[in-house]
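K.L.:
Listed in order, the protein sequences are those of chains A and B.
Sequential numbering from 1 applies to the first sequence in this note's numbering.
Sequential numbering from 1 applies to the second sequence in this note's numbering.
Hints should not be assumed to be uniformly reliable.
Claimed, not checked - From the derived model, a few chain A residues whose C-beta atoms are all more than 12 Å from chain B:
hint: 1; residue: R41
hint: 2; residue: L75
hint: 3; residue: A82
To be verified - Calculated pairs, DSSO-like style, for lysine-lysine (alpha carbon to alpha carbon, straight line, at most 27 Å):
hint: 4; chain 1: B; residue 1: K68; chain 2: A; residue 2: K93
hint: 5; chain 1: A; residue 1: K70; chain 2: A; residue 2: K26
hint: 6; chain 1: A; residue 1: K100; chain 2: B; residue 2: K78
hint: 7; chain 1: A; residue 1: K100; chain 2: B; residue 2: K24
hint: 8; chain 1: A; residue 1: K112; chain 2: A; residue 2: K70
hint: 9; chain 1: B; residue 1: K24; chain 2: B; residue 2: K78
hint: 10; chain 1: B; residue 1: K24; chain 2: A; residue 2: K93
hint: 11; chain 1: A; residue 1: K93; chain 2: A; residue 2: K69
hint: 12; chain 1: A; residue 1: K100; chain 2: B; residue 2: K68
hint: 13; chain 1: A; residue 1: K69; chain 2: A; residue 2: K26
Stated by the list, open to error - Pair ranges (Cβ atoms, derived):
hint: 14; chain 1: B; residue 1: L110; chain 2: A; residue 2: S51; range: 42 to 50 Å
hint: 15; chain 1: B; residue 1: S58; chain 2: A; residue 2: T77; range: 17 to 25 Å
hint: 16; chain 1: A; residue 1: A82; chain 2: B; residue 2: P8; range: 27 to 35 Å
hint: 17; chain 1: A; residue 1: Q14; chain 2: B; residue 2: R106; range: 30 to 38 Å
hint: 18; chain 1: B; residue 1: E44; chain 2: A; residue 2: S12; range: 37 to 45 Å
hint: 19; chain 1: B; residue 1: V53; chain 2: A; residue 2: N30; range: 19 to 27 Å
hint: 20; chain 1: B; residue 1: L110; chain 2: A; residue 2: T77; range: 42 to 50 Å
hint: 21; chain 1: A; residue 1: A10; chain 2: B; residue 2: Q17; range: 33 to 41 Å
hint: 22; chain 1: A; residue 1: R80; chain 2: B; residue 2: L110; range: 33 to 41 Å
Think of the hints as simulated: they come from the structure by calculation, not from any bench.
Source: prediction; values computed, not measured.
Idealized CB from N, CA, C, for every residue including glycine.
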Amino acid sequence: SQQGEEDPQALSIQEGENATMNCSYKTSINNLQWYRQNSGRGLVHLILIRSNEREKHSGRLRVTLDTSKKSSSLLITASRAADTASYFCATDKLRGNTGKLIFGQGTTLQVKP
Amino acid sequence: DAGVIQSPRHEVTEMGQEVTLRCKPISGHNSLFWYRQTMMRGLELLIYFNNNVPIDDSGMPEDRFSAKMPNASFSTLKIQPSEPRDSAVYFCASSLTSQFFGPGTRLTVL
Numbered sequence: 001s002q003q004g005e006e007d008p009q010a011l012s013i014q015e016g017e018n019a020t021m022n023c024s025y026k027t028s029i030n031n032l033q034w035y036r037q038n039s040g041r042g043l044v045h046l047i048l049i050r051s052n053e054r055e056k057h058s059g060r061l062r063v064t065l066d067t068s069k070k071s072s073s074l075l076i077t078a079s080r081a082a083d084t085a086s087y088f089c090a091t092d093k094l095r096g097n098t099g100k101l102i103f104g105q106g107t108t109l110q111v112k113p
Numbered sequence: 001d002a003g004v005i006q007s008p009r010h011e012v013t014e015m016g017q018e019v020t021l022r023c024k025p026i027s028g029h030n031s032l033f034w035y036r037q038t039m040m041r042g043l044e045l046l047i048y049f050n051n052n053v054p055i056d057d058s059g060m061p062e063d064r065f066s067a068k069m070p071n072a073s074f075s076t077l078k079i080q081p082s083e084p085r086d087s088a089v090y091f092c093a094s095s096l097t098s099q100f101f102g103p104g105t106r107l108t109v110l
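Chain B on its own, in the form it takes in the complex (with noise of 0.2 Å):
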C-alpha cells in the first residue's frame, strides 16, 4: 500500500483565492482525519470522517472552511477565501486503530 496520499504538497496561494487539498486514505481505514500544523498552535485537529460522514467538526476554525469525503478514498480540504494566517501544514491521517498520516500538504498564503 502506498500509505496516505495528500496532493498538493506545496501550495502556495495569494490572500482571497481558493485553495483545495486532497487526500486519499489507505484501503479499508474507515476513520479519516484533518489536522493542521502550526509552530504556534502545534497539531489541532480539524474535523474527522467515519465512515465517510463527517463526526466532529468542532476544530474547523471558521466557515471559510469545509471539508467532504464523497466516497471511501476520497476527501478535500478547502478553504475560501484563504488569508495569510491559514499558512500551516495540513496533513490528513486515516485509520482502523492506529492513524497513519499522510505526508502534509505546505500551504503558504500571501
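Isolated chain A (complex conformation) (with noise of 0.2 Å):
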C-alpha cells in the first residue's frame, strides 16, 4: 500500500505567492523527506524532518510534521519561476529500516511569472 500520498495533485500559483503542499502516510516512521523533480531529470532532495521534529527551514522552505495526524507541510514561501516542477514527499519506516523510502504521488506545482 502506499505510504506517502500528497495533495493537492496538481497546483498553480503566481510567482511571489507562497505554494503549500501536504502528504499523509500511514505507518510510524523516523523521519520524512521532501524532494523536487524538474521535468525530465532526476529527484532532488529538499529537506529531511526527523519524527521528533515539528518544523524545519531550509531557505524558503518550512516542512511541518504531525506524527499524531501522521501529516506533514511542505510550504515555498515567495514563489519563483523556477519553483515549477513536482514535488515527492518519502517516507521511511521505523522498524527495520534499511534506508528504503516510499514515495507519494507527488504535487506538481506551476509558478507563472
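Could you use the hints to bring the two separately framed chains together as a complex?
P.N.:
Written out as C-alpha cells, the structure reads:
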C-alpha cells in the first residue's frame, strides 16, 4: 500500500505567492523527506525532518510534521518561476529501516511569472 | 563528486531485445536503489541493495527483470526480453541517509 500521499495533485500560483503542499502517510516513521523533480530530471533532496521534530526551515522552505495526524506540509514562500516542478514526500519505516523510502504520487506545482 | 551516474541516458529498442541499464553510485554510499517512473504508476521502487546485497526485490515486475551489484561502485538492471510496457524512465539512487538520484535512463521499447 502507498505510504505517502500528497495533495493537491496539482497547484498553480503566481510568482511571489506562497505554495503549500500536504503529505499524509500510514505507518510510524523515523523521518520524512521532501524531494523536487524538474521535468525530465531525477529527484533532488530538499529537506529531511525527523519524527521528533515539528518544524524545519531551509531558505524559503518550511516543513512541518504532525506525527499524531501522520501528516506533513511543505511551504514554499515567495515562489519563483524556477520553483515550477513536482514535489514528492517520502517516508521510511520506523522498524527494520534499511534506507528504503516510499514515495507519494507527488504534487505538480506551476509558478506563473 | 560527480553524483550518481547512469548510462545510457536514452535507449530505444525493439520488443524482445535485451536491455541493460547501468549505475555508478556515489562513492561511500552503502545503499543503492532502482526505481521506475511512469505517468500512470508514478515512482515505483523495483529493488534495493544494502552493502551490495539485495534486500528487497518485491517491486521487480516479473522474471524478465534482474539486477546485480557485483561491487560497491556498480550496478546493473537487465530486462530480457523487453516489452513495450517496460517503456519508462528508470532511476538509480544511492544513499547513506538521504537518497541522491541519478539523471535516469529513458527507455522506449517499440
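K.L.:
Going back to the hint list, which numbers does this structure go against?
P.N.:
1, 8, 15 and 18
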